[in-house]
Amino acid sequence: MIMEDKSITMQPALEIHDLTVAFDRKPVLWDIDLTLPQGKLVGIIGPNGAGKSTLIKAVMGLLPLSSGYVKLFDQPIDEVRKRISYVPQRESVDWDFPASVLDIVMMGRYGKLGLFKSPRKADRDVAFDCLKKVGMESFANRQISQLSGGQQQRTFLARALAQQADIYFMDEPFAGVDAATEKAIINLLRTMTEARKTVVVVHHDLQSVPQYFDWVIMLNTRLVAVGPTESTFNQHNLQETYGGKLTLLADVADLIRRESYPSREGSNR
Amino acid sequence: MNDLYIIITASLVATTCALLGCFLILRKMAMVGDAISHAVLPGIVIAFLVSGSRDSVTMLLGAGLIGVLTTFLIEFFHKKARLQTDASIGVTFTWLFAVGVVLISLFAGKVDLDQDCVLYGEIAYVPLDVIITDAGSNIGPRAIYIMGTIFIVIVAFIVLFFKELFLTTFDPAYASAIGISTALWHYLLMGAVSATTVASFESVGAILVVALLIAPAATAYLITDNFKWMLIIASIVGILASVTGYYLAVWVDGSIAGAIAALSGVLFILALMFSPTHGLLFKKLKASHSTAENSITQPFSVDPADSR
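Line by line, the protein sequences give chains A and B.
Anchor point for the first sequence: position 220 equals 427 in the numbering used here, and the numbering is continuous, going up by one each time.
Anchor point for the second sequence: position 196 equals 209 in the numbering used here, and the numbering is continuous, going up by one each time.
Misleading hints may appear alongside valid ones.
As the list claims (entries may be wrong) - Simulated pairs of lysine-lysine, DSS-like, Cα-Cα distance not exceeding 30 Å: (1) A/Lys390 / A/Lys264; (2) A/Lys340 / A/Lys319; (3) B/Lys93 / A/Lys339; (4) B/Lys241 / A/Lys328; (5) A/Lys289 / A/Lys390; (6) A/Lys339 / A/Lys289; (7) A/Lys319 / B/Lys241; (8) A/Lys289 / A/Lys278; (9) A/Lys278 / A/Lys264; (10) A/Lys264 / B/Lys41; (11) B/Lys241 / B/Lys299; (12) A/Lys328 / A/Lys340; (13) A/Lys264 / A/Lys319; (14) A/Lys289 / A/Lys328; (15) A/Lys278 / A/Lys328; (16) B/Lys41 / A/Lys319; (17) A/Lys278 / A/Lys319; (18) B/Lys299 / A/Lys340; (19) B/Lys41 / B/Lys241; (20) B/Lys41 / A/Lys289; (21) A/Lys278 / B/Lys92; (22) A/Lys324 / A/Lys340; (23) A/Lys339 / A/Lys319; (24) B/Lys93 / A/Lys264; (25) A/Lys233 / A/Lys264; (26) B/Lys92 / A/Lys264; (27) A/Lys324 / B/Lys41; (28) A/Lys289 / A/Lys264; (29) B/Lys41 / B/Lys297; (30) A/Lys289 / B/Lys241; (31) A/Lys340 / A/Lys289; (32) A/Lys340 / A/Lys264; (33) A/Lys390 / A/Lys340; (34) A/Lys324 / B/Lys241; (35) A/Lys233 / B/Lys93; (36) A/Lys233 / A/Lys278; (37) B/Lys92 / A/Lys233.
Rather than coming from a laboratory, the hints here were simulated on the basis of the structure.
A quick note: this is a predicted structure, and the numbers were derived from the prediction, not measured.
Construct the complete structure from the given sequences, taking the supplied hints into account.
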């Protein structure tokens, strides 16, 4: 019995086997094989066109797989939809849509409600609670077209939180967000992983990787490396991932060695 | 009494179309509504040939299927043949519409349909086509019963599945991620648009039904920032256009359907001018107000940046 309990808690959050995704026969992801443990804050990094967003979309079944399969918590995706949450790229929706911030956050409750049921007060309370967590409670009735980029991002985050899922996929949640909001979001993600939630984030800024993520997936169509950040995020793997494209590489490696991270204002992004 | 019958029919058509139109324009699919309204023509003719009558469920189903086929073809051409969306809409509906025109002319003798009626409708004939019960009493025009049923079905559809329709309209990727099928709701909605178009075509015709699908919804979009209110306002605009359109047509002795569509356009322009949130006049007032403020403060300004 004890063994069994252990095996459940040690269940991987995500397993990807031989995953290939192609658009028009051109592979965007090639033969990806990886396993992520639960309760980690995981960054997906790689150059533009490396297939970072494609990877999370494929995992969630939003794109057809050319080959391979994906398991979440040891089950096929459709069995565990209620445990999965997604923060799409901010630009993927029309922010002129006639809806309020609360309307959007309430969408996070729809999956749990199922057909024919309308949201109840308990759902509204959860939504408000999540707005509070992202510091947006005073914007609940604000029209979404009036939000700034950072506020839009936090609204999406609150919607994902309202799902009370176990694994979260986030597509560039820091894009167009100011430094203070980014800090607040990362702290929030930390408290989530402390509660054994798994958070997978598509990320662009290499400088902040060691500071933010427990684990890192380094991707360039193929999987270059996956593992704990301190052992995986090294110069060799960065070279492999970005090739010669990144002149900043040496600097980054330098930073990792010194293990001191300058403030973001000082970085030449 | 005839006036009332016509106004009720027109209002039922207008509100049903307006409700669905709200979803269409927010999904950026206004032209798909246009396409469906034309493409159902062969469905109508074929269903008519098969069932031999005009008021059958077969006709609604036949046209509904063709409507869904239209959206499927549009997506197929767009995704598989990599045609632009507008080009694939253009190819699909004109082709299906043309097939319908050929079918009508081919079976002109057998089919009690004529092209003018299909294109422009004739709502003035609504009071003539009444249902007589077995007992021999007149219980009112057939069109009101058909449109009334469609109206109730569509309202029930929107109320019962509001969550799903709202979410798949706003953020389809997120909807699929949490297990709400975007394809299912897309095709159900398109089926609803098709059925509505078919039920409406006799009264307002294939061309004008597009005006009722889009104009009231676009008007409501300019007036409110709340989706539920958008649905309500669009319906009110539809009714308003029907009533005023009818009396306009009586006054100028012109086409009723044409007058209704024309007035829904007029209401749109009024909203464009005077809407409190998006209206041009209001924006202009706001702009002139702020420049007026600037002109007051400017003489006292010592900010060197102002001289630039």
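| task | Could you tell me which of the hints above the structure violates, numbers in ascending order? | result | The structure conflicts with hints 3, 15, 18, although it agrees with all the remaining ones.
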